[in-house]
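Working from the sequences, and respecting the hints, build out all of it.
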Amino acid sequence: MSMDDMLNLRRTETENWLLTEFYCNTLLAKGDKGPASESATGVLWPFLNPYYSPLNPIYTPVYQTLCAQGLRPLNEKQLPVWMLRDGAVPLTWFFSRHQPDSVEGQILVHADLQHLVPENWAEKVASYRHRTPANDIESLFMAGPVNERTTSIDELEEKLNSIEAVLGKKKMAAMSVRLYCPMRDPSDSYPARYMQKIYSAFKRVTALDWFDVENIGSLKNVGFVELNSGWLFKDSYVQHHVLSRGATLLVQKESSRKKRVQSVPLSRYHSVDIEPLTTRSAAVSEKDRRLEKFFIQNARLRDDEDAAWEPWPKWHERWCRAMLKQKKRS
Amino acid sequence: MKRVSQRLGIFVSPHPSAWISCNSIGPNLVKSYQMLAKDASFTTEWFSVSRQEEELDQRIGTGYFVELAEQILRSRVTDLIFLDHQINPLPILLALQACAGQQFKNFRFCFHVYGDFTLFPKRWFDIGQVLHGLRAKFICASDRQQGLVSFFERGGKSATSVCPFPVNTQLFRFSEKSRFQVRKKLGFRENQTLLLYTGRLSLQKGIIRLIEEFERLIQLDSQLALALAGPYDHLGGMTSGITAPHSFYFHQLQEKLDSLPNKVRERIFLLGELPHQELAAVYSAADLFVSLSLHHDEDFGMCPAEAFSSGLPGILNDWGGYASFKSDGVPCELVPVSLSKRGLELDSVVLKSLLDAGIKKRHGIEERLRVGEEFAKKFGIAAVAEKMKPQLLAQSYEAIQGFDWSLEMLSRQGVLTGEFYNDVYGRYVESPSH
Chain A
1 MSMDDMLNLR
11 RTETENWLLT
21 EFYCNTLLAK
31 GDKGPASESA
41 TGVLWPFLNP
51 YYSPLNPIYT
61 PVYQTLCAQG
71 LRPLNEKQLP
81 VWMLRDGAVP
91 LTWFFSRHQP
101 DSVEGQILVH
111 ADLQHLVPEN
121 WAEKVASYRH
131 RTPANDIESL
141 FMAGPVNERT
151 TSIDELEEKL
161 NSIEAVLGKK
171 KMAAMSVRLY
181 CPMRDPSDSY
191 PARYMQKIYS
201 AFKRVTALDW
211 FDVENIGSLK
221 NVGFVELNSG
231 WLFKDSYVQH
241 HVLSRGATLL
251 VQKESSRKKR
261 VQSVPLSRYH
271 SVDIEPLTTR
281 SAAVSEKDRR
291 LEKFFIQNAR
301 LRDDEDAAWE
311 PWPKWHERWC
321 RAMLKQKKRS
Chain B
1 MKRVSQRLGI
11 FVSPHPSAWI
21 SCNSIGPNLV
31 KSYQMLAKDA
41 SFTTEWFSVS
51 RQEEELDQRI
61 GTGYFVELAE
71 QILRSRVTDL
81 IFLDHQINPL
91 PILLALQACA
101 GQQFKNFRFC
111 FHVYGDFTLF
121 PKRWFDIGQV
131 LHGLRAKFIC
141 ASDRQQGLVS
151 FFERGGKSAT
161 SVCPFPVNTQ
171 LFRFSEKSRF
181 QVRKKLGFRE
191 NQTLLLYTGR
201 LSLQKGIIRL
211 IEEFERLIQL
221 DSQLALALAG
231 PYDHLGGMTS
241 GITAPHSFYF
251 HQLQEKLDSL
261 PNKVRERIFL
271 LGELPHQELA
281 AVYSAADLFV
291 SLSLHHDEDF
301 GMCPAEAFSS
311 GLPGILNDWG
321 GYASFKSDGV
331 PCELVPVSLS
341 KRGLELDSVV
351 LKSLLDAGIK
361 KRHGIEERLR
371 VGEEFAKKFG
381 IAAVAEKMKP
391 QLLAQSYEAI
401 QGFDWSLEML
411 SRQGVLTGEF
421 YNDVYGRYVE
431 SPSH
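For the protein sequence lines, the chains are A and B, in the order given.
Everything in the first sequence is counted per my numbering, starting at 1 for the first residue and increasing by one.
Everything in the second sequence is counted per my numbering, starting at 1 for the first residue and increasing by one.
Treat the hints with caution; some may be incorrect.
[What the hints assert, rightly or not] Covered, in the sense of this in silico footprint (three residues per stretch, anywhere, with C-beta under 8 Å from a C-beta of chain B), are these stretches of chain A:
(1) 213–222
(2) 232–243
[What the hints assert, rightly or not] Per label pair, the in silico range of CB-to-CB distance:
(3) A/K169 - B/L94: 48 to 56 Å
(4) A/A192 - B/K122: 58 to 66 Å
(5) A/A174 - B/Q102: 54 to 62 Å
(6) A/A174 - B/Q58: 36 to 44 Å
(7) A/E138 - B/R362: 32 to 40 Å
(8) A/R97 - B/S348: 39 to 47 Å
(9) A/V261 - B/D328: 54 to 62 Å
(10) A/N221 - B/Q52: 52 to 60 Å
(11) B/G133 - A/R193: 23 to 31 Å
(12) B/G187 - A/E15: 32 to 40 Å
(13) A/R11 - B/L274: 30 to 38 Å
(14) B/G414 - A/V261: 58 to 66 Å
(15) B/E367 - A/D136: 39 to 47 Å
In short, the hints are calculated from the structure, not lab data.
Predicted, not measured: the structure shown is a model, and the values here were computed from it.
Think of the CB as a built atom: it goes at the ideal place given N, C-alpha and C, for glycine as much as any other residue.
Structure below.
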């Protein structure tokens, strides 16, 4: 029997379903559990869950696992691209540990993090930014894991200010807000202080659980705000889900039309714009001793069970912040 | 002689359902029960059961269900009616059993069974255990769903009965004005035929097969169009253990659409998820409803029902609840489905001939209004209330024996396979013998 005969075999509907599953499993990166340890994945669930796109959205530790297992990372049916969902911390880690020729295909990093890409990676990397429909905003949807690794109260204030700048003070005060903020580490007063800020900024807030979010109906005319600093992850499953239901990113940075290379749909309602890098980091490419030391120490800490609950040590986060501030100044 | 009325305690959920159709079914059933309450035979008492409260009680023991049981006892209800699929009746029954003591056996229990019956086998098995020897019944929305549920019943007489889910026939009725407006918006002339599918865009709903058929049909009539209204989902096939990640089906369907020649692609309209008013208008604008769904939860078929309520003719798979429409005299045609060891298969020859004939025959305005009115007499909210009435009367209840080991086996197995699958879902392809 020839290959053509095989492909033209009459199949039952059940066989078609099973083939679909087989097909999607061959395309999916197996074991995509996020950028850190199991316990960190638990803290950040479901924000790090995988979703499918021909752009191969993935967290770098999963990519590294795939390579280490000797698996061919790309499937011929997919675009030769890796859309990295990582935030600043795992991204710097990845670029410090890999050389451009070790990666098959092109890398996409979130446009907000493109300054972290070292010079020697420039040819291999482009940036992506989410694009959503420009609908009128009638209500808000806010989501984020409330813990100090992923959000900060200062940033929340900035976010609230930017919401006010978009909507105006009066409209913002009248907005009804749906809120999904799982708190799995309420070890201090931080979550309470964080939530207090939100509840005092809006009069009508409805807290949702994951069941509500997962099964939510159309979100047309809903503005989405993710409460995520972007240190650990930049592209979350919750954001993907909410935008795929028709929500609009409330604070949306426009891609430059001149430079935009390609727009790829992620769902019926939202897409990513892919464009060349505009800024790059010199700091990371220097690979100074201090950075190397940090990474080695980080790796040791990550193996330590007692520290495993914490995705990345706080000093690493502080270092990233300092580095970014330094870059902003320069 | 003074008539003793039954006091119905009806349990509803304050939350919207994860299933689109259930967000219509639940409120429509509530309206049917409200109508029943006007009957001298019944009075009603409503209980709202919160999912969050249930979860909290199960986690830390808040006593929510004990409090609910005490409320039930204080309200002096005689019958407990579970009409919302989101409510797990088990903790309510257990709390009531504990609080009521000997009085528990005096209640009558009625459950509206939904398509998710096979997804919660353990729950239903346990309910059968708790109610063994007590008066209870399970109302299914179609003959074949009754066949499936009764397959799991333990010996003796079946405690199942059939009553369709009610349809809001006031909302879903043919409107010439809506037809004109929607067709104008989509750019159709009156002589162009519009095929319509509504519901989730999901693996088991047969959308890709429908598109392939449409690609063939457009060779016969180049002015034909196909509209798909509904949200994408990523459910895969839970009963068969088929999983797909979020957005996979969107890309799979997109890939199919992108592969079509332009002249075909531009005749397919993806309308997205529409609010009920807009959906009703789209039904009016369409000429033929087609659903090739083989979804395992297809116990009734709310989308086809709303289409028929709008006077549309339809072509459906002879699968699950869809078959009941035909036997109830609704003008629809059924595509035979067979179940072999290789799985479910449509009769392609019949499908083609039905579609070929279907696109040539269109209902005029008067015919559509007539079909809609006939449909309302059988499936409207008032009609269903009338159908339910004899099923709810005290004398219609009998002591049940619960469910047998096969349901327990299903709960352990999780995913249905092999002969067991054929035994269970064979009920969805053939009419029950009893």
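Unmet hints by their number, sorted upward, for this structure: Violated hints (numbers, rising): 4, 8, 10, 11 and 14; every other hint is consistent with the structure.
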